[in-house]
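Below, each chain spelled out in residue letters.
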Amino acid sequence: MDLGRSDARNGPQLFNRIAVLRVERQMSRNDLADRLDISYQTVGYLERGEFNPSLELAFRISELFGVPIEAIFSRTPFTPMSIHLYGKNTEKE
Amino acid sequence: MHHEVKLLWFIPVNSRSRRRGVVVTFYISLVLGCVFSLLVHFPTDGSRLVGLYIGMVASFLVLGASYVALVHLLGEYGLVGRHRLHTSRDERLEQVRHAAYVRAYWILMTLVCVISAIFLSGTAEKLLRATMGFAGKPLVPVAAIVLAVSLPSVVIAWTEPDPKEAA
Chain A
0 MDLGRSDARN
10 GPQLFNRIAV
20 LRVERQMSRN
30 DLADRLDISY
40 QTVGYLERGE
50 FNPSLELAFR
60 ISELFGVPIE
70 AIFSRTPFTP
80 MSIHLYGKNT
90 EKE
Chain B
0 MHHEVKLLWF
10 IPVNSRSRRR
20 GVVVTFYISL
30 VLGCVFSLLV
40 HFPTDGSRLV
50 GLYIGMVASF
60 LVLGASYVAL
70 VHLLGEYGLV
80 GRHRLHTSRD
90 ERLEQVRHAA
100 YVRAYWILMT
110 LVCVISAIFL
120 SGTAEKLLRA
130 TMGFAGKPLV
140 PVAAIVLAVS
150 LPSVVIAWTE
160 PDPKEAA
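From first to last, the protein sequence lines are chains A and B.
Last residue of the first sequence: 92 in numbering that gives the first Met the number 0, with the numbers rising by one and none dropped.
Last residue of the second sequence: 166 in numbering that gives the first Met the number 0, with the numbers rising by one and none dropped.
One or more of the hints may lead you astray.
Quick partial rundown of chain A residues pointing at chain B, CB under 8 Å, derived from the structure [unchecked claim]: (1) Gln25; (2) Ser27; (3) Asp36; (4) Ile37; (5) Gln40.
Calculated from the structure, these hints are not laboratory results.
Glycine included, each C-beta is placed from N, C-alpha and C at the ideal position.
So that you can see chain A by itself, here it is in the shape it has in the complex (with noise of 0.2 Å):
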């Protein structure tokens, strides 16, 4: 049992991108963490999608990253990057 995971009073699942726009910019969960004055545990919880962040944390990832927010969290899955600057999965074809 774990009391600090996206459930139903948590809402529906958000997907976000927080774990590739941190690698892109070479930060640790550690940096994120402390940039965001949050624990690290709590970024692996968000990175994973077990916790919907408020609108104030959103837009601090925001902020942070210099990405609108819809850039970051969807109610849907994202399409991976790679489709998004080549184009459609060849391999399946």
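Here the structure of chain A is known, so what remains is to put chain B in place on it, guided by the hints.
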């Protein structure tokens, strides 16, 4: 931000099993402290009485130490100490803390209902009659307060995963 609790700055101590060990020690020492405190009021010989007093003092010392350890391990949850209520910007920790208070409340409510049922059934009446005038009676509300105050910390310590597992 608090990252990981370490003993002597390098031994990680904040694992779930260690937290659970502290919780078990806390409750065992609470029960032993109460039992020793009650037993010293029964007529007994001198050497046994000294042993009971030593046991009582040792139990309460362990109780205090284990509570300090528990508070230290849960420092980032802001229950007591430097990370006080409403000072953390970590909303997940606040959510965990709130859930722990609610869970502790339900546990205590269940206990109150069970104890009330025992009293209503008449079982406790015999016990009360047997212990009438017993000097150790004030210990019961004290133990109940310790249980109530420590329960939210205990809930978090028992349920939260290992920091590495959660990260």
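Against the structure, the hints:
1. Gln25: violated (18 Å)
2. Ser27: Not OK, violated: A:Ser27 not within 8 Å of chain B, min 10 Å.
3. Asp36: With Cβ-Cβ at 4 Å, under 8 Å, it holds.
4. Ile37: With a closest approach of 4 Å, the A:Ile37 hint holds.
5. Gln40: holds (4 Å)
Of the hints listed earlier, those the structure fails to meet are numbers 1 and 2, in rising order.
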